[in-house]
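Novice: Sequence:
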Amino acid sequence: MTDIPINYEHSKARQLIAWTIYPLCVLVPTGIAIWAMGNGDRGLAFSMIPIGYLSAGIMEWIQPYCLKWRKSHGDIITDLFHIVLSGNFIGSYIKQGLALGSLYLVSTAGIEYRVVDWPGHWPLGLQLLLALVVAEFGTYWRHRLFHEYHIGWRFHAVHHSSPRLYWLNAPRFHFIDSALSGAVSGLMLALFGVSAEVAGLVVIVNAMHGNWQHCNVYYRLGWLNWLISSAELHRWHHSNRVELANSNYGNILIIFDVLFGTRRLPQEQQQLDEIGLGGYDDVFPKNWFTQALVPFFWKRMLGEKDPELIPAEMPEASSG
1 MTDIPINYEH SKARQLIAWT IYPLCVLVPT GIAIWAMGNG DRGLAFSMIP IGYLSAGIME
61 WIQPYCLKWR KSHGDIITDL FHIVLSGNFI GSYIKQGLAL GSLYLVSTAG IEYRVVDWPG
121 HWPLGLQLLL ALVVAEFGTY WRHRLFHEYH IGWRFHAVHH SSPRLYWLNA PRFHFIDSAL
181 SGAVSGLMLA LFGVSAEVAG LVVIVNAMHG NWQHCNVYYR LGWLNWLISS AELHRWHHSN
241 RVELANSNYG NILIIFDVLF GTRRLPQEQQ QLDEIGLGGY DDVFPKNWFT QALVPFFWKR
301 MLGEKDPELI PAEMPEASSG
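Numbering (this note's numbering), first residue to last: 1 to 320.
One or more of the hints may lead you astray.
What the hints assert, rightly or not - Beta-carbon label-pair distances, calculated as ranges:
no. : residue 1 : residue 2 : range
1   : Trp19     : Ile151    : 27 to 35 Å
2   : Leu227    : Lys299    : 22 to 30 Å
3   : Lys68     : Ile151    : 14 to 22 Å
4   : Gly193    : Gly31     : 33 to 41 Å
5   : His150    : Val258    : 24 to 32 Å
6   : Gly74     : Leu54     : 30 to 38 Å
Unchecked claim - In the DSS-like style, the derived pairs of lysine-lysine whose C-alpha atoms are separated by at most 30 Å in a straight line are:
no. : residue 1 : residue 2
7   : Lys68     : Lys12
8   : Lys299    : Lys12
9   : Lys71     : Lys12
10  : Lys286    : Lys299
11  : Lys12     : Lys286
If you're looking for bench data, these hints aren't it; they were derived computationally from the structure.
Source: prediction; values computed, not measured.
Glycine residues also receive a C-beta, built at the ideal position from the N, C-alpha and C atoms.
Input sequences plus hints: build the corresponding full structure.
Specialist: So this is what it looks like as C-alpha coordinates:
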(Lines of atoms letter the chains of each structure in order from A and count residues from 1; the text may use other names and numbers.)
(Lines give C-alpha, C1' and ligand atoms only; values in the text may rest on other atoms or scores of the structure.)
Protein backbone atom coordinates (compact mmCIF):
# COMPACT_ATOMS: atom_id res chain seq x y z
CA MET A 1 0.00 0.00 0.00
CA THR A 2 1.26 3.46 -0.89
CA ASP A 3 1.03 6.94 0.60
CA ILE A 4 -0.81 8.35 -2.42
CA PRO A 5 -4.51 9.13 -2.86
CA ILE A 6 -6.65 6.64 -4.77
CA ASN A 7 -7.57 7.90 -8.23
CA TYR A 8 -11.35 7.89 -8.65
CA GLU A 9 -11.43 10.36 -11.54
CA HIS A 10 -12.60 7.84 -14.16
CA SER A 11 -15.50 6.40 -12.15
CA LYS A 12 -18.78 8.29 -12.47
CA ALA A 13 -20.26 6.33 -9.56
CA ARG A 14 -17.33 7.25 -7.30
CA GLN A 15 -17.57 10.89 -8.35
CA LEU A 16 -21.29 10.90 -7.56
CA ILE A 17 -20.52 9.59 -4.09
CA ALA A 18 -17.71 12.13 -3.68
CA TRP A 19 -20.02 15.08 -4.39
CA THR A 20 -23.03 13.89 -2.39
CA ILE A 21 -21.65 12.12 0.69
CA TYR A 22 -20.86 15.25 2.77
CA PRO A 23 -24.31 16.79 2.21
CA LEU A 24 -25.98 13.46 3.05
CA CYS A 25 -23.89 12.69 6.14
CA VAL A 26 -23.37 16.19 7.58
CA LEU A 27 -25.76 18.75 6.08
CA VAL A 28 -28.88 16.56 6.19
CA PRO A 29 -28.29 15.55 9.85
CA THR A 30 -27.68 19.23 10.61
CA GLY A 31 -31.08 20.03 9.13
CA ILE A 32 -32.67 17.30 11.26
CA ALA A 33 -30.92 18.68 14.35
CA ILE A 34 -32.23 22.18 13.61
CA TRP A 35 -35.77 20.84 13.21
CA ALA A 36 -35.52 18.75 16.39
CA MET A 37 -34.06 21.59 18.46
CA GLY A 38 -36.77 23.93 17.23
CA ASN A 39 -39.37 21.43 18.41
CA GLY A 40 -37.78 20.98 21.81
CA ASP A 41 -36.39 17.50 21.12
CA ARG A 42 -32.77 17.93 22.21
CA GLY A 43 -32.27 14.18 22.45
CA LEU A 44 -32.98 13.73 18.74
CA ALA A 45 -30.84 16.75 17.89
CA PHE A 46 -27.78 15.44 19.76
CA SER A 47 -28.30 11.93 18.39
CA MET A 48 -27.04 13.31 15.08
CA ILE A 49 -23.49 13.40 16.50
CA PRO A 50 -22.91 9.62 16.39
CA ILE A 51 -24.31 9.64 12.86
CA GLY A 52 -21.47 11.96 11.89
CA TYR A 53 -18.94 9.69 13.58
CA LEU A 54 -20.23 6.37 12.26
CA SER A 55 -20.93 7.53 8.71
CA ALA A 56 -17.34 8.75 8.39
CA GLY A 57 -16.00 5.45 9.74
CA ILE A 58 -18.18 3.41 7.38
CA MET A 59 -17.30 5.52 4.34
CA GLU A 60 -13.58 5.01 5.01
CA TRP A 61 -14.15 1.39 3.97
CA ILE A 62 -16.41 2.20 1.03
CA GLN A 63 -14.53 5.14 -0.48
CA PRO A 64 -11.15 5.62 1.23
CA TYR A 65 -8.90 8.52 0.31
CA CYS A 66 -5.70 6.57 1.00
CA LEU A 67 -5.54 2.80 1.47
CA LYS A 68 -2.54 2.95 3.79
CA TRP A 69 -4.40 5.28 6.16
CA ARG A 70 -7.10 2.65 6.56
CA LYS A 71 -4.61 0.42 8.36
CA SER A 72 -3.88 1.00 12.06
CA HIS A 73 -0.69 2.96 12.73
CA GLY A 74 -0.66 1.98 16.41
CA ASP A 75 -2.76 5.07 17.12
CA ILE A 76 -6.28 3.79 17.77
CA ILE A 77 -5.95 3.26 21.55
CA THR A 78 -4.36 6.69 21.95
CA ASP A 79 -7.14 8.33 19.96
CA LEU A 80 -9.84 6.55 21.97
CA PHE A 81 -8.27 7.90 25.16
CA HIS A 82 -8.35 11.38 23.64
CA ILE A 83 -12.03 11.00 22.73
CA VAL A 84 -12.96 9.96 26.28
CA LEU A 85 -10.56 12.03 28.38
CA SER A 86 -9.30 15.04 26.44
CA GLY A 87 -12.57 16.12 24.90
CA ASN A 88 -15.36 14.69 27.03
CA PHE A 89 -13.97 14.48 30.56
CA ILE A 90 -10.93 16.47 31.68
CA GLY A 91 -11.11 18.95 28.82
CA SER A 92 -14.84 19.56 29.24
CA TYR A 93 -14.51 20.42 32.94
CA ILE A 94 -11.65 22.83 32.29
CA LYS A 95 -13.56 24.39 29.39
CA GLN A 96 -16.70 24.93 31.44
CA GLY A 97 -14.69 26.32 34.34
CA LEU A 98 -12.86 28.80 32.11
CA ALA A 99 -16.03 29.99 30.39
CA LEU A 100 -18.10 30.31 33.55
CA GLY A 101 -15.23 31.85 35.49
CA SER A 102 -14.63 34.49 32.82
CA LEU A 103 -18.31 35.42 32.67
CA TYR A 104 -18.45 35.59 36.47
CA LEU A 105 -15.50 37.98 36.63
CA VAL A 106 -17.04 40.18 33.96
CA SER A 107 -20.44 40.23 35.65
CA THR A 108 -19.03 40.98 39.12
CA ALA A 109 -17.12 43.90 37.63
CA GLY A 110 -20.48 45.36 36.64
CA ILE A 111 -19.79 45.06 32.92
CA GLU A 112 -22.61 44.31 30.52
CA TYR A 113 -20.91 41.42 28.74
CA ARG A 114 -23.33 41.02 25.86
CA VAL A 115 -21.95 43.10 23.02
CA VAL A 116 -25.02 42.91 20.76
CA ASP A 117 -28.69 42.03 20.88
CA TRP A 118 -28.80 38.55 19.39
CA PRO A 119 -31.46 38.17 16.64
CA GLY A 120 -33.41 35.51 18.50
CA HIS A 121 -36.42 36.12 16.26
CA TRP A 122 -34.57 34.77 13.22
CA PRO A 123 -35.23 31.23 12.00
CA LEU A 124 -33.08 28.75 13.92
CA GLY A 125 -31.08 27.81 10.83
CA LEU A 126 -30.05 31.43 10.18
CA GLN A 127 -29.15 31.87 13.84
CA LEU A 128 -26.94 28.79 13.56
CA LEU A 129 -25.11 30.19 10.53
CA LEU A 130 -24.43 33.46 12.33
CA ALA A 131 -23.35 31.63 15.49
CA LEU A 132 -20.90 29.52 13.48
CA VAL A 133 -19.28 32.71 12.16
CA VAL A 134 -19.09 34.20 15.67
CA ALA A 135 -17.56 31.05 17.17
CA GLU A 136 -15.20 30.62 14.21
CA PHE A 137 -13.63 34.03 14.72
CA GLY A 138 -12.50 33.03 18.20
CA THR A 139 -11.35 29.53 17.31
CA TYR A 140 -9.47 30.77 14.22
CA TRP A 141 -7.29 33.09 16.27
CA ARG A 142 -6.85 30.61 19.11
CA HIS A 143 -5.71 28.00 16.57
CA ARG A 144 -3.43 30.36 14.69
CA LEU A 145 -1.74 31.67 17.83
CA PHE A 146 -1.10 28.10 19.00
CA HIS A 147 0.87 27.58 15.80
CA GLU A 148 2.77 30.85 15.91
CA TYR A 149 3.82 30.91 19.58
CA HIS A 150 5.95 28.21 21.13
CA ILE A 151 4.03 27.95 24.40
CA GLY A 152 0.86 27.23 22.44
CA TRP A 153 2.58 24.84 20.04
CA ARG A 154 3.74 22.68 22.96
CA PHE A 155 0.09 21.80 23.54
CA HIS A 156 -1.14 21.84 19.95
CA ALA A 157 1.66 19.59 18.69
CA VAL A 158 -0.28 16.68 20.21
CA HIS A 159 -2.99 17.16 17.58
CA HIS A 160 -0.41 17.17 14.78
CA SER A 161 1.38 14.08 16.07
CA SER A 162 -0.98 11.69 14.29
CA PRO A 163 0.75 9.87 11.40
CA ARG A 164 -2.47 9.75 9.37
CA LEU A 165 -5.91 11.34 9.19
CA TYR A 166 -8.92 9.12 9.89
CA TRP A 167 -12.32 9.21 11.57
CA LEU A 168 -11.16 8.76 15.18
CA ASN A 169 -8.40 11.36 15.46
CA ALA A 170 -10.34 14.61 15.19
CA PRO A 171 -10.46 14.80 19.04
CA ARG A 172 -6.70 14.13 19.39
CA PHE A 173 -5.93 17.26 21.39
CA HIS A 174 -4.13 17.90 24.64
CA PHE A 175 -6.94 18.45 27.13
CA ILE A 176 -5.81 22.02 27.82
CA ASP A 177 -5.76 22.77 24.08
CA SER A 178 -9.23 21.24 23.73
CA ALA A 179 -10.53 23.15 26.76
CA LEU A 180 -9.19 26.50 25.57
CA SER A 181 -10.65 26.01 22.11
CA GLY A 182 -14.06 25.19 23.55
CA ALA A 183 -13.88 28.00 26.08
CA VAL A 184 -13.02 30.58 23.43
CA SER A 185 -15.91 29.40 21.26
CA GLY A 186 -18.28 29.37 24.24
CA LEU A 187 -17.23 32.84 25.37
CA MET A 188 -17.75 34.26 21.90
CA LEU A 189 -21.26 32.82 21.81
CA ALA A 190 -22.01 34.09 25.33
CA LEU A 191 -20.76 37.59 24.50
CA PHE A 192 -23.20 37.70 21.60
CA GLY A 193 -26.07 36.41 23.71
CA VAL A 194 -26.58 33.20 21.75
CA SER A 195 -29.34 30.99 23.15
CA ALA A 196 -28.67 27.56 24.63
CA GLU A 197 -30.48 25.93 21.69
CA VAL A 198 -28.29 27.63 19.10
CA ALA A 199 -25.12 26.97 21.13
CA GLY A 200 -26.15 23.31 21.27
CA LEU A 201 -26.48 23.24 17.49
CA VAL A 202 -22.96 24.69 17.18
CA VAL A 203 -21.68 21.82 19.33
CA ILE A 204 -23.53 19.29 17.17
CA VAL A 205 -22.22 20.70 13.88
CA ASN A 206 -18.70 20.96 15.29
CA ALA A 207 -18.71 17.30 16.34
CA MET A 208 -20.11 16.01 13.04
CA HIS A 209 -17.95 18.20 10.83
CA GLY A 210 -14.78 17.53 12.84
CA ASN A 211 -14.89 13.86 11.92
CA TRP A 212 -15.50 14.63 8.27
CA GLN A 213 -12.70 17.19 8.30
CA HIS A 214 -10.22 14.51 9.42
CA CYS A 215 -11.71 11.37 7.89
CA ASN A 216 -9.93 9.19 5.35
CA VAL A 217 -12.74 9.55 2.80
CA TYR A 218 -12.53 10.84 -0.75
CA TYR A 219 -15.16 13.55 -1.09
CA ARG A 220 -15.40 16.86 -2.94
CA LEU A 221 -16.96 20.20 -2.06
CA GLY A 222 -15.93 22.34 -5.04
CA TRP A 223 -16.67 26.03 -4.51
CA LEU A 224 -17.82 25.29 -0.95
CA ASN A 225 -14.11 24.99 -0.12
CA TRP A 226 -14.22 28.80 -0.01
CA LEU A 227 -16.73 28.58 2.86
CA ILE A 228 -16.18 25.25 4.62
CA SER A 229 -12.95 23.95 6.13
CA SER A 230 -13.14 20.55 4.46
CA ALA A 231 -10.81 17.56 4.47
CA GLU A 232 -9.47 18.74 1.10
CA LEU A 233 -8.11 21.82 2.87
CA HIS A 234 -7.38 20.37 6.28
CA ARG A 235 -5.09 17.61 5.04
CA TRP A 236 -2.68 20.34 3.96
CA HIS A 237 -2.86 21.84 7.45
CA HIS A 238 -1.54 18.53 8.82
CA SER A 239 1.50 18.61 6.54
CA ASN A 240 4.89 18.49 8.24
CA ARG A 241 5.98 21.29 5.90
CA VAL A 242 5.80 24.49 7.93
CA GLU A 243 4.59 26.67 5.07
CA LEU A 244 1.55 24.40 4.68
CA ALA A 245 0.91 23.56 8.34
CA ASN A 246 0.63 27.29 9.04
CA SER A 247 -2.50 27.58 6.94
CA ASN A 248 -6.16 26.53 6.84
CA TYR A 249 -6.81 27.18 10.52
CA GLY A 250 -10.58 27.09 10.10
CA ASN A 251 -12.50 24.79 12.42
CA ILE A 252 -15.80 24.54 10.55
CA LEU A 253 -15.63 27.54 8.24
CA ILE A 254 -12.65 28.68 6.15
CA ILE A 255 -13.86 32.28 5.76
CA PHE A 256 -11.35 33.84 8.16
CA ASP A 257 -8.48 32.06 6.42
CA VAL A 258 -9.73 33.67 3.21
CA LEU A 259 -10.03 37.06 4.94
CA PHE A 260 -6.62 36.96 6.63
CA GLY A 261 -4.72 35.28 3.79
CA THR A 262 -4.02 31.88 5.35
CA ARG A 263 -6.15 29.70 3.06
CA ARG A 264 -4.03 27.28 1.01
CA LEU A 265 -5.13 24.70 -1.54
CA PRO A 266 -2.03 23.89 -3.64
CA GLN A 267 -2.52 22.34 -7.07
CA GLU A 268 0.27 19.82 -6.51
CA GLN A 269 -0.57 16.30 -5.34
CA GLN A 270 -0.07 16.07 -1.60
CA GLN A 271 2.62 13.69 -0.38
CA LEU A 272 0.73 11.82 2.32
CA ASP A 273 3.88 10.56 4.01
CA GLU A 274 4.48 14.21 4.93
CA ILE A 275 1.72 14.13 7.57
CA GLY A 276 2.75 14.70 11.17
CA LEU A 277 5.60 16.41 12.97
CA GLY A 278 8.40 15.70 10.54
CA GLY A 279 11.86 15.49 12.06
CA TYR A 280 10.69 14.69 15.57
CA ASP A 281 7.90 12.21 14.86
CA ASP A 282 10.12 9.42 16.16
CA VAL A 283 10.69 10.96 19.60
CA PHE A 284 7.26 12.49 20.21
CA PRO A 285 5.19 10.55 22.80
CA LYS A 286 2.82 8.00 21.32
CA ASN A 287 0.35 7.31 24.16
CA TRP A 288 -2.19 9.57 25.86
CA PHE A 289 -0.47 9.72 29.24
CA THR A 290 2.90 10.86 27.94
CA GLN A 291 1.22 13.23 25.47
CA ALA A 292 -0.57 14.79 28.46
CA LEU A 293 2.83 15.47 30.04
CA VAL A 294 4.86 16.59 27.03
CA PRO A 295 3.95 20.33 27.10
CA PHE A 296 5.26 20.55 30.67
CA PHE A 297 8.44 18.49 30.12
CA TRP A 298 9.11 19.52 26.50
CA LYS A 299 12.92 19.74 26.59
CA ARG A 300 13.32 16.66 28.74
CA MET A 301 11.05 14.46 26.61
CA LEU A 302 12.17 15.64 23.17
CA GLY A 303 15.83 16.22 23.98
CA GLU A 304 18.00 17.45 21.14
CA LYS A 305 15.10 17.19 18.71
CA ASP A 306 13.22 20.02 20.39
CA PRO A 307 11.76 21.74 17.33
CA GLU A 308 12.20 25.39 16.59
CA LEU A 309 9.24 27.71 16.95
CA ILE A 310 6.96 27.31 13.96
CA PRO A 311 7.34 30.66 12.18
CA ALA A 312 4.43 32.90 11.39
CA GLU A 313 5.61 33.79 7.89
CA MET A 314 3.46 32.43 5.11
CA PRO A 315 5.16 31.97 1.73
CA GLU A 316 3.10 32.24 -1.39
CA ALA A 317 1.32 29.09 -2.49
CA SER A 318 -1.00 28.39 -5.36
CA SER A 319 -4.63 28.15 -4.34
CA GLY A 320 -7.73 26.75 -5.93
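Novice: Run every hint past the structure and note whether it holds.
Specialist: Evaluated hints:
1. Checked against the hint of 27 to 35 Å, the C-beta distance between Trp19 and Ile151 comes to roughly 42 Å, which is inconsistent with it.
2. Here the CB-CB span from Leu227 to Lys299 is close to 41 Å, at odds with the stated 22 to 30 Å.
3. Distance hint for Lys68 and Ile151: a CB-CB separation of about 34 Å, inconsistent with the stated range 14 to 22 Å.
4. The hinted window of 33 to 41 Å between Gly193 and Gly31 is violated, with their beta carbons roughly 24 Å apart.
5. Taking 24 to 32 Å as the suggested C-beta distance range, the pair His150 and Val258 conforms, at roughly 27 Å.
6. Taking 30 to 38 Å as the suggested C-beta distance range, the pair Gly74 and Leu54 does not conform, at roughly 23 Å.
7. Restraint check: the Cα-Cα separation between Lys68 and Lys12 comes to about 24 Å, which is no more than 30 Å; the hinted pair holds.
8. Annotation: proposed proximity of Lys299 to Lys12 is violated, straight-line Cα distance about 52 Å (limit 30 Å).
9. With a C-alpha separation of about 26 Å, the suggested pairing of Lys71 with Lys12 holds against the 30 Å cut-off.
10. For the hint pairing Lys286 with Lys299, the CA-to-CA distance comes to about 16 Å; that is within 30 Å, so the pair holds.
11. For the hint pairing Lys12 with Lys286, the CA-to-CA distance comes to about 40 Å; that exceeds 30 Å, so the pair is violated.
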